[in-house]
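**Student:** Using the UniProt record's numbering, read the sequence shown as starting at 1 and increasing by one per residue.
Nothing false has been slipped in among the hints.
Derived BS3-like pairs (lysine-lysine); straight-line CA-CA distance at most 25 angstroms:
hint, residue 1, residue 2
1, Lys-376, Lys-253
2, Lys-527, Lys-580
3, Lys-474, Lys-59
If you are wondering where the hints come from, they were derived from the structure by calculation, not from laboratory data.
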Amino acid sequence: MDTNIGSQLDSCKPANSILGCPPQNGSASIQDSHAPSAVSSDATLGRHLAHRLVEIGVKDVFSVPGDFNLTLLDHLIAEPGLKNIGCCNELNAGYAADGYARARGVGACVVTFTVGGLSIINAIAGAYSENLPVICIVGGPNTNDYGTNRILHHTIGLPDFSQELRCFQTVTCYQAVVNNLEDAHEQIDRAISTALKESKPVYISISCNLAAIPHATFIRDPIPFSLSPRLSNRMGLEAAVEATAAFLNKAVKPVMVAGPKLRVAKACEAFVELADACGYPVAVMPSAKGLVPEQHPHFIGTYWGAVGTAFCAEIVESADAYLFTGPIFSDYSSVGYSLLLKREKAIIVQPDRVVIANGPAFGCVLMKDFLQALAKRLKCNTTAYENYHRIFIPDGVPLKCDPQDPLRVNILFHHIQRMLSSNTAVIAETGDSWFNCQKLKLPEGCGYEFQMQYGSIGWSVGATLGYAQSVPDKRVIACIGDGSFQVTAQDISTMLRCEQKSIIFLINNGGYTIEVEIHDGPYNVIKNWNYTGLVDAIHNGEGNCWTAKVHCEEELIEAIEKATDEKKDCLCFIEVIVHKDDTSKELLEWGSRVSAANSRPPNPQ
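Could you put the whole structure together from the sequences, leaning on the hints where they help?
**Tutor:** Right under this line is the structure:
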């Protein structure tokens, strides 16, 4: 008997491959032992996964190599339609897949077991909160190590390998642990199709010794997915439309507000169709900015309570009926639960459900179907928009700076506004950029993204990488605070490797300004970096990169002119030096209200 520690593993293998016997090394043949020779050498799990990713629209996979995923990466990079984007760390790889999915509809990332998986999980949680289909692929342990009581590297030192899986169960809509080839085809296809149907991330763990093994289930190229479209319950749809039309048609000054779940419901066009038909004022919740064209004749701006677009909250909150489409009412989006809305006036339309005031709810009613049907039943009512038009006063213009005056944030965004076109996209980092970017008026076709629900600082660096990779015809303009940049700065390197031409405005105000306005303390002050010097060091003479540090409006104008002309084919990094207390008035108001919500005393017991 072999008594060497760790060697008992292979002592009990079946001697044949008869149907019904346990699989050997992750595979079991239904035929005799000579059958595998008839399987083409490229009929592998790795090739099948690569084909599937390309088929659903993924052209770039964001990865960090580790010993458990190396063979799988070999097969992914061998796929002609797939490019591997090696990232500096797993968190940024996840953020990049998030940004990529926002523009392309789906993203993918590949990391190694546990050390990689638990590093990327924060980004996957953010994608879950934002309803983004991200395929998170992890290279897993060798099939021979499952159930052996062996302890592996990259784990927490226990023979139970399910820790990573259990962590991902709460932030993904499907989990597939592929540790034998018999059902690998089915597991992979089910995971990917579930991500697309649910618009949520999925987790796929693939044992490190399976990716290169030929198997009969992979002989044919995969048949393209044919996802059965979800259908509304026709009776429920008709009842919901009838009840909603009756509710809104009797209102004197109804309004409509778009929420972030318009994206997951694929109902943006249907929303605009309804807006065209009914004549109501059109507002967006902050996390829905960019989903509705701001050129719409009845667009009145961002509804964000006391910190939204001027006159927008007054019109929405004074309405006698409001149609919220795909909203998320969190403490952040409600400005510390301070919105002046009444449930009895509200119709809430979610991707598959309609709730009318305090009354009936209708399930199995798809948002897109509902909005299209409702557009045919509503009477045109422009009363609320006419009220808005009467009280509206155009935004003021920032006070001009004297020559060489220190640069102000409102001057910065005044100039960023002029940069926007259909060929640009804006990425707003968590912080004061949320509020300043909300005030930008987006030209038709200009992209806009930020992560409001999860609000993870540092998200924008990876998201800029992924978004820019997915839409190479657009120039991404990223507005990032210095504190956030310090979390994820490394992947400037990956942007350079990918020859991206984004413009990054690094707003250097010496700390976590958004936290200061919620609750100040010495922990909100950070060590100042030479940010342009850091990016120059990362550049290291390889690739196209240009940096500038600006202190006044004259220097800003010169830098923008250079970035948009002479350096238009470069990654441009502009460090903007501003005063530590130079914030938007909206952040000051929002911070005080969120602080009040956070500091509520416990309810009496």
